[in-house]
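There are 2 protein chains.
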Amino acid sequence: MSNSETDKMPERLTKKSQNMSRWYTDVVRMAKLADYAPVRGCMVIMPYGYALWENIQALLDRRFKATGHVNASFPLLIPESFLKKEAEHVEGFAPEVAWVTEGGGEVLEERLAVRPTSEAIICHMYAKWIRSYRDLPVLINQWANIIRWEKVTRLFLRTTEFLWQEGHTAHATAAEAEEEALKMLEVYREFMENELAMPVIVGRKSESEKFAGATATYALEALMSDGKALQAGTTHDLGQNFAKAFEIKFLDKDETEKFVWQTSWGVSTRMVGGLVMTHGDDAGLIFPPRIAPVQLVVVPIWGDDTRELVGDAARGLADRLRTRFRVETDLRDEYRPGWKFNEHEMRGVPLRLEIGPKDIEKGQVVAVRRDTKEKLFIPQDNIETEVEGLLEKIQSSLYDKARLFLTENTFEVNTVDEMTTVMRTTRGFMSTHWCEDPVCEQAVKDATKATVRVLPFEAEQTTGKCVVCGKPGKLTYFAQAY
Amino acid sequence: MSNSETDKMPERLTKKSQNMSRWYTDVVRMAKLADYAPVRGCMVIMPYGYALWENIQALLDRRFKATGHVNASFPLLIPESFLKKEAEHVEGFAPEVAWVTEGGGEVLEERLAVRPTSEAIICHMYAKWIRSYRDLPVLINQWANIIRWEKVTRLFLRTTEFLWQEGHTAHATAAEAEEEALKMLEVYREFMENELAMPVIVGRKSESEKFAGATATYALEALMSDGKALQAGTTHDLGQNFAKAFEIKFLDKDETEKFVWQTSWGVSTRMVGGLVMTHGDDAGLIFPPRIAPVQLVVVPIWGDDTRELVGDAARGLADRLRTRFRVETDLRDEYRPGWKFNEHEMRGVPLRLEIGPKDIEKGQVVAVRRDTKEKLFIPQDNIETEVEGLLEKIQSSLYDKARLFLTENTFEVNTVDEMTTVMRTTRGFMSTHWCEDPVCEQAVKDATKATVRVLPFEAEQTTGKCVVCGKPGKLTYFAQAY
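These protein sequence lines are chains A and B, in that order. Taking my numbering, the leading residue of the first sequence gets 1, the next gets one more, and so forth. Taking my numbering, the leading residue of the second sequence gets 1001, the next gets one more, and so forth.
To be clear, the hints were calculated from the coordinates, so they are not data collected in a lab. For glycine and all other residues, C-beta sits at the position ideal for the given N, C-alpha and C. All clues given are correct.
Distance ranges between label pairs, derived from CB positions:
#1 THR1101/B - SER21/A: 30 to 36 Å
#2 LYS445/A - GLU1080/B: 37 to 43 Å
#3 ARG63/A - VAL1152/B: 37 to 43 Å
#4 SER1397/B - ALA58/A: 29 to 35 Å
#5 GLU1080/B - GLU109/A: 19 to 25 Å
#6 LEU309/A - LEU1376/B: 57 to 63 Å
#7 GLY1311/B - GLN240/A: 32 to 38 Å
#8 GLU1384/B - GLU88/A: 51 to 57 Å
Extracted from the complex, chain A is given alone in its bound form:
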């Protein structure tokens, strides 16, 4: 909020092309997406960043509901004994748990975990609620906050507390659960590519990278401009692991009692980090118009004698556009236009409209695209259509650019030596074959710091020689990851 603090911010921004890691931290704070909290590894999501999250929520929630899901709210605190019911699950999460041990002035008999994920508490409730095949499927999602005690944290990308949604479903058959896990993966993919303009590769995780307690984990992996992959979302086929641990049974049509088949799936505020790194440039953030908190900003170009005239025109223009777009008007007197341009570019506003006395005379507006900095003169008459068209162009060209980057930075490799070279130079995704033996996976990691990102679906049948041992292997994407 502090103007005194931000006065010189645009000038201080580290160049993304020089040091992406520093650029990232700089831009997240300067654009007021988030700030460090006084609690280890926690952040404050500031209004501008939260508006982005609200847009993400609205667009995802609509998709969840369109695919038959409903929302609910389960408790934040989970008794330790519940977490322990599924053996792999507790092993995976116990080291990261924050424990409530005192409440209302007394030491608790049993420690309560601040949820690191909600399978345990939700499965307990499902065991109470589900009786018959008529109760299935259960298709519930929860928007919630999560705590995982992380050692190394970065704003949005890895924080002790984060916001997310977690879908938890129960089905009568294995096939239905598998179908759900894949359906939600596709919902995520379509959302990330169409709304966030962030292309992803999707597929199955290796055993070592799968969710604690799942039979299979599917993931979406985006490629950041430093060549590292970002896991942007996951869906899990839980099989009957939790159903057996929590005794979630139903009476089927054939009058026999069966365990349900389950899935869970989630994306988090981490996506905001992905969005920032995918599209930003040396001048700051670039938000795809569909998700941008502010889609366009109107900046008056005025002098002392034209302040009233131009101010009125800018306000009028903004009011007209506000019915269809998310609009900001920058009428601040204490800053010059150039300063404002820098600031709104740094904040990633996709489109800037400038209006001055000459533009008023000519019935036009100057439009400047954030992504290409292209300057256009557009007539005020049908400005809504023009703006709409420009925003669509920006959206698709951001996607195309990111898609091109992903394609150009995906390398076919056939030896560990080649992998080492790629990781030393460009980084990016490495497409190769792998035998699914954890020993070979570890060998790649030791040599290159790259891990299995996914085994893509289209190629589950495609076999080749394992990049490490030469035995038959499946098509696999490796990369260094956030």
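Using the hints, position chain B against chain A.
Frame of chain A, contents of chain B only:
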């Protein structure tokens, strides 16, 4: 979800007129608004109840944004030292705090409170963010979960964890802060009366009932049908108490450094409890149409030979109405219409549309109002308008009924004896005068279990004799409270 569990539910519902307390718990669980969680005092908000909360959120959020507020997200965990900075604040909340003492496998150096409210953490951030008068006002709201270790809990009304929104604002002057506290009180009143159809009395709290750390607390009090008051929301003028404790200073236009003036304000899932108790009847819930998760349900009245014809008509009708209303279609084969009627009445669906072969012939639909059980034949031609009109009628007549109840159950009293009589018989609000001495307040409480609900604004000037001591006093509402 379980049909087997709910099969006989409508018949088991305790009558509200006989035992409101049992009716409340019955109906909340039978209608699947919420369920008990396996953690002491916590609840699960089930999909039907959560849909209600989503409607509440959407309607409130729109109002917050229209009054210039933005949303943000602050950390769940608050260091103990922060809570202690404002003396009254910690004294008020410490007994109810749940403490995180271990994280990531280690005992923490400082205990972290799971937020019982967020003033402490937010004020810490505001001290970082606010520098100049240009940064003011700060108008931030947060939608969040809260933990308070309550001794006695009831679904929605008082739970260890609850969902709420908390507004936290900072201003340059005392007058602006006071104006904000009163503005948000009015936003809440308008929302509760127009959307929840729940009339409230508003005013200032007594010293003993005000928020820990505030200079003044304003509240909205609704009257439940058992004659007890429910505090449905509060706004606080925090003065400079927190600003001084957290050193939130700004450089004013006159170049001097000043402490900001603050407010906070919140409503929670508790309102759902108020909504349930305000409108329900012996048959179950009654939801005002504007807030109802399902505004109307279409029930086919079919026989074996008309199943296809009537089913198609019901689906067609529902599809047509779904573009404007929140519609459910009950095409279940395993239940008879009468059973369905009972269930949807119990669930509080404001309007039921029945359609059978004769109705199809006549081009009509049978509409049944949940509140009056009135049956109407409406032509299919302009059904959208008819349904809209009926829903509006239901909304306003629910409000009128509740308003009448509040008026009829507000009693002018002049002695403690009269108060005792009222509390022994009808209960309700008692309008009287009070000198603002805590001793007299306590005397009333000891004799009647009634507490000061509010000192209404319209009568801050109206003086009379204190109901206890006879000294000059202000108009004051007393009631027993949830």
